[in-house]
Amino acid sequence: MTIDLLFDSILALTLAWLCWRVLSAPDLFKAVVLFIAFGLLMALAWVRLNAPDIALAEAAIGAGLTGALMLDAAGQMTGRSFPYIRNPEPAEQEVDHGEP
Amino acid sequence: MSEFLIYGLAAAALFAICLHGIITRTHILRKILALNMMGSAVFLLLITIAERNQVDGVADPVPHAMVLTGIVVAVSATAFALALARRYHAQTGHTELHDEDGST
Amino acid sequence: MENRDPIPDSGPIVRVLSIILGVALFGILATAVLDLDVEATGLTDTVMERIGESGVDHPPTAVLLNFRAYDTWLEVAVLLLAAWGALVLRQATRLPEQPAARSPGPVLDWLVRMLIPLAIVTGVYLLWRGTDAPGGAFQAGAVIGAALLLLRLSGYRSIGLFSAAWLRGSLLAGFAGFMAIATLLFITGWTFLEYPPAWAGLIIVIVELLITWSVAVSFVALFVAARPDDSATEPVGGER
Amino acid sequence: MSLVGIWVILIPLICGLAAFAVGGRSSRVIGLIGAGLTFLLSGLLVLHVWQSGVWIYQLGGWDVPLGISLRADGLSAFLIGMTGAVGLGISLYAVRYFEALTPGPSQDPSAALRTGSGRGEESGAGDSPEAERGGTEVWLPGASYWPLWMLLWASLNVLFLSNDIFNLYVGLELLTLASVALIILQREQAAIVAGLRYLLAAFLGSMAYLLGVALIYADAGVLDLGLLADAELTGTATQVAGGLMAVGLLLKAALFPLHFWLPAAHSSAPAPVSAALSALVVKGAFYLLIRLWFEVFESAGTVSVEQMIGGLGAVAIVVGSFQAIRQERLKLMIAYSTVAQVGYLFIMIPLAGSFGDPEASWRFEAWTGGLYHALSHGFAKASMFLAAGVLLSALGHDRVWHLAGSASRFPVIYLSFGIAGMSLMGLPPSAGFVGKWLMLRSAVESGQWWWVVILLVGGLLTAGYVAIVLSQALQHDVDEHTEPHPVPKLMTVMVFALAAMSLLLGLRAAEPLELLEIGAPFQTLMSVVED
Chain A
79 MTIDLLFDSI LALTLAWLCW RVLSAPDLFK AVVLFIAFGL LMALAWVRLN
129 APDIALAEAA IGAGLTGALM LDAAGQMTGR SFPYIRNPEP AEQEVDHGEP
Chain B
77 MSEFLIYGLA AAALFAICLH GIITRTHILR KILALNMMGS AVFLLLITIA
127 ERNQVDGVAD PVPHAMVLTG IVVAVSATAF ALALARRYHA QTGHTELHDE
177 DGST
Chain C
410 MENRDPIPDS GPIVRVLSII LGVALFGILA TAVLDLDVEA TGLTDTVMER
460 IGESGVDHPP TAVLLNFRAY DTWLEVAVLL LAAWGALVLR QATRLPEQPA
510 ARSPGPVLDW LVRMLIPLAI VTGVYLLWRG TDAPGGAFQA GAVIGAALLL
560 LRLSGYRSIG LFSAAWLRGS LLAGFAGFMA IATLLFITGW TFLEYPPAWA
610 GLIIVIVELL ITWSVAVSFV ALFVAARPDD SATEPVGGER
Chain D
54 MSLVGIWVIL IPLICGLAAF AVGGRSSRVI GLIGAGLTFL LSGLLVLHVW
104 QSGVWIYQLG GWDVPLGISL RADGLSAFLI GMTGAVGLGI SLYAVRYFEA
154 LTPGPSQDPS AALRTGSGRG EESGAGDSPE AERGGTEVWL PGASYWPLWM
204 LLWASLNVLF LSNDIFNLYV GLELLTLASV ALIILQREQA AIVAGLRYLL
254 AAFLGSMAYL LGVALIYADA GVLDLGLLAD AELTGTATQV AGGLMAVGLL
304 LKAALFPLHF WLPAAHSSAP APVSAALSAL VVKGAFYLLI RLWFEVFESA
354 GTVSVEQMIG GLGAVAIVVG SFQAIRQERL KLMIAYSTVA QVGYLFIMIP
404 LAGSFGDPEA SWRFEAWTGG LYHALSHGFA KASMFLAAGV LLSALGHDRV
454 WHLAGSASRF PVIYLSFGIA GMSLMGLPPS AGFVGKWLML RSAVESGQWW
504 WVVILLVGGL LTAGYVAIVL SQALQHDVDE HTEPHPVPKL MTVMVFALAA
554 MSLLLGLRAA EPLELLEIGA PFQTLMSVVE D
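Just so you know, the sequences run in chain order A, B, C and D.
Counting from 79, one number per residue, gives the positions in the first sequence under my numbering.
Counting from 77, one number per residue, gives the positions in the second sequence under my numbering.
Counting from 410, one number per residue, gives the positions in the third sequence under my numbering.
Counting from 54, one number per residue, gives the positions in the fourth sequence under my numbering.
Bound conformation, chain A alone:
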């Protein structure tokens, strides 16, 4: 019983730490990868909480699908996989407003 509780506590703390890291990791890609890890650990917590089917959904949809969407978007927004975006830095927002 106590080992279980210890495990639960560590899992809960890890979740909170991961959540914080997702929001503060300087690299956006890393943040998304951490987000997927967060989703998978969340699914693990739900398995512990006697909800294996919901854990399955979270792993597939919450971590997997959402993570894939996020990675794809992060790829575009950091300009790493979409070379056509000329200037991702929002430095000259007033200039590029009108004509392309």
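FYI, nobody ran anything at the bench for these hints, they're computed from the structure.
Idealized CB from N, CA, C, for every residue including glycine.
Take the hints with a grain of salt, since some may be wrong.
The following label-pair restraints were derived from C-beta to C-beta distances [to be verified]: (1) B:ASP132 with C:VAL432: 38 to 46 Å; (2) A:PRO130 with C:ILE429: 38 to 46 Å; (3) C:TRP537 with D:PRO411: 55 to 63 Å; (4) C:LEU527 with A:PRO130: 17 to 25 Å; (5) B:GLY133 with C:THR597: 38 to 46 Å; (6) C:GLY461 with A:LEU83: 32 to 40 Å; (7) D:VAL506 with C:ILE429: 26 to 34 Å; (8) C:ARG424 with D:TRP454: 54 to 62 Å; (9) D:ARG379 with C:LEU593: 54 to 62 Å; (10) C:LEU443 with A:PRO104: 29 to 37 Å; (11) A:PRO130 with C:THR597: 36 to 44 Å; (12) D:PRO464 with C:PRO421: 50 to 58 Å.
Examples of chain B residues lying across from chain A (beta carbon under 7 Å, computed) [stated by the list, open to error]: (13) ALA86; (14) VAL143; (15) THR154.
Given the structure of chain A, go ahead and fit chains B, C and D onto it with the hints provided.
For chains B, C and D alone, kept in the frame of chain A given last:
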């Protein structure tokens, strides 16, 4: 049975951290990530409640159904928000929400 | 290390206020959680008493597709709306075709050939299992959607699956099929979203099948439509 | 007849899906049929509640707490009736509006309606090969409008009828996604930013609401509104849940200072969408809030919180009105006016709240007054946004200072704008007057004189921005060098019809007010007499 308290408090903490993230982070993707994790926090609380409500080893299926519904709703909203964010980024190159200043 | 997203990126006053707000919120929520009873039964007994009448044995499936089918029905509409909204954003009635010239390559080809049948089998298994054990339409839909997506991203010309009519039909199948069944029964005198007891199991399986397919295609549509027009924004002379 | 409550949800859904499946130009016909039928069914539902009282329906034949129930009392019927009437007006207007947007060989009014940057049009051109490859299907904004609008309408009816707090969450999400998809219909850059911000804000609001639902379920073990009302919850968890749900819904209803997303979202959408958002969608969240506040959290509420919400409403009235006066674009002015008018709605909370005697009749007066104000605002604001849409498509702009002299060209439009403005100001004999009068009376009777001041000042401020528009329009120096595009008659007729409704409902208020008494959460005048 203090499993309930551990995960319940974890859900509370996650919700609060995510709110902080939504307020302070200006990058659209961070906001969407924070909103998603906020959803996970609520779902965690619901599943903890389901586990608390168990009778003879069967967890309360109503919160489970609510979470499943919530996950699908959350991914729908997230995917739509990402589609909007990416279009916005492709149009302007911005990664933050900028006001239009009333100009057209 | 590229650092395109300076963190933290809001002013110090906002940050301090937000931290205060966050801590206060945590305190309030923690008080609420601590105030809750540690022992309760919720609706577990209520569900378990009537599960025999639902047509399935797995409690969450019974709640999702029978006791609270209205929620699930509307939830499928939310998914449909999101996919439809993403298509509006492209001003398209169908998904763009995959650039043709991309060849999968031997390793990817082998991987895809292995993974896709595996994923589809897993999906169907999850769906079938959902009536009496963990699993169900949404999980199965996600897995099958991932398989379809993989097929698409690895350069295979998909089987005409995403023509305008197919796409529309697939997106609609779950919500409209569910609605058609419920409406037909409703017209013939049953309560709305009530299933005749003898048919409940069969109806649930049909509805789950339709939802699975819609979920799978919606996920593909959301993933593909979320990308800003790659074809339109690619430099002129690039492959279409 | 007793099943009309189901059909009022089903019919717009069926028609929306049919319009979606058919696509193209014929979606308009299906959309119109759907609008007509839904209007009729809404009327029948009102009639049914009027004659037979509160309607309750157990979905799937499962009793609560196991299943989900639908419930239509006077309040639900009142709002469904409003949605039906306003929705029909918007639909008829939209037929012509989106026809003008359809690309055709005639002159190009779409260019006048498009206020977006060149960038959007460029990528629009980039998409056209996509559409061409799809065969005969050309992408039309109108073709997407009809299914989405039908779904939006259905989700409003879902919201007004649902009696289950989790189902209401799903309904809210449905409403949000349909709204955002409609905002971005023309894909203008401004609309996409506004839609995204709205979506994120609404998502946050939903999460707060859902956390509240989780806490309530943990505390009470049921989700049905009726059972929750009977449980008379008072614990800490319930109070926290009430706070979370209230904040989430205030964000969705755009009460100051949570209104930041509203002006851009409501002003950058196409006119029929702006009208639906301001007139109806905001009321969805407002409805849910007062439903919960006065039925579930009745015993958990405190005077100080209620006064605080009323205070925010007061600030919203002042700030929103001043912002409206400052705006240079008509649609933004009308959107800020919505911020102010939402403030009025929330003054109802302290007036009908637990201040003073819980059995007092002023609570019911304030409650009906607030709702009557919501009704009048629904018609008046829809008319105003549709009027702005007419001006925008005729003149190609909506800058207030360039409307000079246009009253001679659009007399009916400005007449309607004036009538609608009168209702917003609360001048007799408009419907806005009835609402404001009831709230004023309640404020005086309960001795909360400070709300009297706010209500009166708010009326003056409203007069300010309405007067700016009208005085510009009535000037003599006509701007000669722009010949306005012809605007279909039906659009003008609908603008007038909605404004006229906001007046007529002031002349004939007895029946709607009586309707509100059915199943009201207060000691009503009728029940006092019966006792």
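Status of the given 54 to 62 Å range, CB of D:TRP454 versus CB of C:ARG424: This hint is violated: roughly 40 Å between Cβ atoms.
Restraint: B:ALA86 near chain A, CB-CB cut 7 Å. Satisfied or not? 4 Å, holds
Take the C-beta atom of B:GLY133 and the C-beta atom of C:THR597, compute their distance, and say whether it sits inside 38 to 46 Å. 40 Å, holds
Outcome for the supplied range 36 to 44 Å, where the beta carbon pair is A:PRO130 and C:THR597: Distance hint for A:PRO130, C:THR597 holds at roughly 38 Å.
So the hint says 29 to 37 Å: do the beta-carbon atoms of C:LEU443 and A:PRO104 match that? Check passed, 36 Å falls within 29 to 37 Å.
Was the hint right that B:VAL143 lines chain A, CB cutoff 7 Å? 5 Å, holds
Can B:THR154 be said to touch chain A, with a Cβ gap under 7 Å? Holds, because the Cβ-Cβ distance from B:THR154 to chain A comes to roughly 6 Å (cut-off 7 Å).
50 to 58 Å as the expected CB spacing between C:PRO421 and D:PRO464, which holds or is violated: Since the Cβ atoms of D:PRO464 and C:PRO421 sit about 55 Å apart, the hinted range of 50 to 58 Å holds.
Within 32 to 40 Å or not, the Cβ separation of C:GLY461 and A:LEU83? 36 Å, holds
Taking the Cβ atom of C:TRP537 and the Cβ atom of D:PRO411, is their distance within the range 55 to 63 Å? 56 Å, holds
Assuming the hint says 17 to 25 Å, is it satisfied by the Cβ distance from C:LEU527 to A:PRO130 or not? Holds: the Cβ-Cβ distance is about 21 Å, inside 17 to 25 Å.
Does the Cβ distance between D:ARG379 and C:LEU593 fall inside 54 to 62 Å? 56 Å, holds
In terms of the numbered hints stated before, the structure departs from hint 8 and from no other.
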